[in-house]
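Peer 1: Work out the full structure, taking the sequences as your base and the hints as a guide.
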Amino acid sequence: MIPCDDDAPFVECEARCGLDEAGDVLPLELKSRFAGGGEVDASKVKAQAMRTLGEQGAGVSKEAIMRETKDGSTETFALVRPSEHNGWCGVYLYLDEVGMLKGLPPNRRAGRLAMECGFDGVNFFGDMFIGRVQTKPAPMRSVDFKLSDLDSSAPWMRSATMENVEYSKGLKELEAAMGRNGGMQTINMDGSGGASAGGGNASNMPSGKADGYRWEQTEDEIELIVDVPRGTTSKSVRVLFKPRQVVVKINDETVCDIERLYDAVRPDECTWTMGPDEVCVSMAKTDEENIWRALVADS
Numbered sequence: 001m002i003p004c005d006d007d008a009p010f011v012e013c014e015a016r017c018g019l020d021e022a023g024d025v026l027p028l029e030l031k032s033r034f035a036g037g038g039e040v041d042a043s044k045v046k047a048q049a050m051r052t053l054g055e056q057g058a059g060v061s062k063e064a065i066m067r068e069t070k071d072g073s074t075e076t077f078a079l080v081r082p083s084e085h086n087g088w089c090g091v092y093l094y095l096d097e098v099g100m101l102k103g104l105p106p107n108r109r110a111g112r113l114a115m116e117c118g119f120d121g122v123n124f125f126g127d128m129f130i131g132r133v134q135t136k137p138a139p140m141r142s143v144d145f146k147l148s149d150l151d152s153s154a155p156w157m158r159s160a161t162m163e164n165v166e167y168s169k170g171l172k173e174l175e176a177a178m179g180r181n182g183g184m185q186t187i188n189m190d191g192s193g194g195a196s197a198g199g200g201n202a203s204n205m206p207s208g209k210a211d212g213y214r215w216e217q218t219e220d221e222i223e224l225i226v227d228v229p230r231g232t233t234s235k236s237v238r239v240l241f242k243p244r245q246v247v248v249k250i251n252d253e254t255v256c257d258i259e260r261l262y263d264a265v266r267p268d269e270c271t272w273t274m275g276p277d278e279v280c281v282s283m284a285k286t287d288e289e290n291i292w293r294a295l296v297a298d299s
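Each residue of the sequence shown is one higher than the one before, starting from 1 at the first, in full-length UniProt numbering.
Don't take every hint at face value.
[To be verified] Mimicking DSSO-like on lysine-lysine, the simulated pairs with C-alpha atoms at most 30 Å apart in a straight line are: (1) Lys-172 / Lys-102; (2) Lys-102 / Lys-31; (3) Lys-102 / Lys-136; (4) Lys-172 / Lys-209; (5) Lys-102 / Lys-70; (6) Lys-62 / Lys-31; (7) Lys-209 / Lys-235; (8) Lys-44 / Lys-70; (9) Lys-172 / Lys-136; (10) Lys-70 / Lys-172; (11) Lys-235 / Lys-31; (12) Lys-62 / Lys-249; (13) Lys-44 / Lys-249; (14) Lys-102 / Lys-62.
[To be verified] Ranges of calculated distance between the beta carbons of each label pair, as one might list FRET restraints: (15) Asp-41 / Thr-271: 23 to 33 Å; (16) Asp-277 / Ser-152: 44 to 54 Å; (17) Asp-144 / Glu-116: 38 to 48 Å; (18) Lys-169 / Ala-47: 31 to 41 Å.
It is worth saying that the hints were derived from the structure and are not from the lab.
Each residue gets a CB set at the ideal place from its N, CA and C atoms; glycine is no exception.
Peer 2: Structure (structure tokens):
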């Protein structure tokens, strides 16, 4: 743990999980740590929503944020993504998703850590945690991150800036290629560099339909298409992402709520767009090696 109090020592915490438990266990394990801690500031809610969502942010209320985060909500920040260079191990910060809106104290040490990894001007608030996941060999899983790994001489930190520069460069080159080709491609976020043209799911990957939505998948993403009334504008739509849940709302009324996703997704890498009569939701899998057999997990 990286306390927001500069004088408090770092703390090595322990989370127990099964040897064969797949996926990043920390977002769910830590959410209760982020429950409470203060009430969100209405003016900050409005300002943040307008910055991130544009005009549609005007409809986001303090009460809605409080409802969605009352039991705690974990956000992740990738310091280093898995790649062949680092043995397919990614290092992530885990923070209170609404820490800034609660007015929690800044976490200057976490900000300096992000700067050491090549991210300038990133602000964090409240106590934070840091952990590691390994994506290969499959399945993706949480692995140990020791206090000694926070030393500036640690191998992962020495190479972090260059790895992030290469990652950013690769994304820009891919975006440029997409623009030249006029087509869609799916980016493989596990760092292996693969991309598939066309944006559709592979023919051997499960997909499906249900009342009000349909879904399909690629190696690294779940595409959820939710039916909405024709004429619905993006201003009236709000999509909420959690590691095992996605909620689509129109004018604060829920039109789709999937509580038990088949596997975890990364909320900070999930996006959505507006179609003529549908909301198209893209969710980044935490385990790119895992083919989802269904959208919803068995009870």
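Peer 1: Next step is simple, just say for each hint if it's right about the structure.
Peer 2: We went through each hint and held it up to the structure:
Proximity of Lys-172 to Lys-102 is assessed by CA-CA distance (about 35 Å); at most 30 Å being required, the pair is judged violated. Pair hint Lys-102 plus Lys-31 holds up; C-alpha atoms about 15 Å apart against a cutoff of 30 Å. Our distance criterion of 30 Å between C-alpha atoms is broken by Lys-102 and Lys-136, whose separation comes to about 37 Å. At roughly 34 Å between alpha-carbon atoms, Lys-172 and Lys-209 are farther apart than 30 Å, so this suggested pair is violated.
Between Lys-102 and Lys-70 the CA atoms are separated by roughly 12 Å; this keeps the pair inside 30 Å, and the hint holds. In summary, the hint linking Lys-62 to Lys-31 is supported, as the alpha carbons are separated by about 20 Å, within the 30 Å threshold. With a C-alpha separation of about 26 Å, the suggested pair Lys-209 and Lys-235 falls inside the 30 Å cut-off, and the hint holds. As the CA atoms of Lys-44 and Lys-70 are separated by approximately 17 Å, the hinted pair is consistent with the 30 Å bound.
Restraint check: the Cα-Cα separation between Lys-172 and Lys-136 comes to about 25 Å, which is no more than 30 Å; the hinted pair holds. Using a Cα cut-off of 30 Å, the hinted pair Lys-70 and Lys-172 is violated, with the two alpha carbons roughly 38 Å apart. About 29 Å separates the Cα atoms of Lys-235 and Lys-31, which keeps this hinted pair within 30 Å; it holds. As the CA atoms of Lys-62 and Lys-249 are separated by approximately 15 Å, the hinted pair is consistent with the 30 Å bound.
Among the hinted pairs, Lys-44 with Lys-249 is consistent with the structure: their alpha-carbon atoms are about 21 Å apart, no more than 30 Å. A hinted pair counts as satisfied when its Cα atoms are at most 30 Å apart, and Lys-102 with Lys-62 qualifies at roughly 11 Å. Under the hint 23 to 33 Å, the C-beta atoms of Asp-41 and Thr-271, about 26 Å apart, fit the expected range. Our hint of 44 to 54 Å for Asp-277 and Ser-152 holds, since their Cβ atoms are close to 53 Å apart.
Range check, Asp-144 to Glu-116: about 21 Å between beta-carbon atoms, so the 38 to 48 Å window is missed. A C-beta distance of roughly 33 Å is found between Lys-169 and Ala-47, which places it inside the suggested range of 31 to 41 Å.
In this structure, the earlier hints numbered 1, 3, 4, 10, 17 are contradicted, and the remaining ones agree with it.
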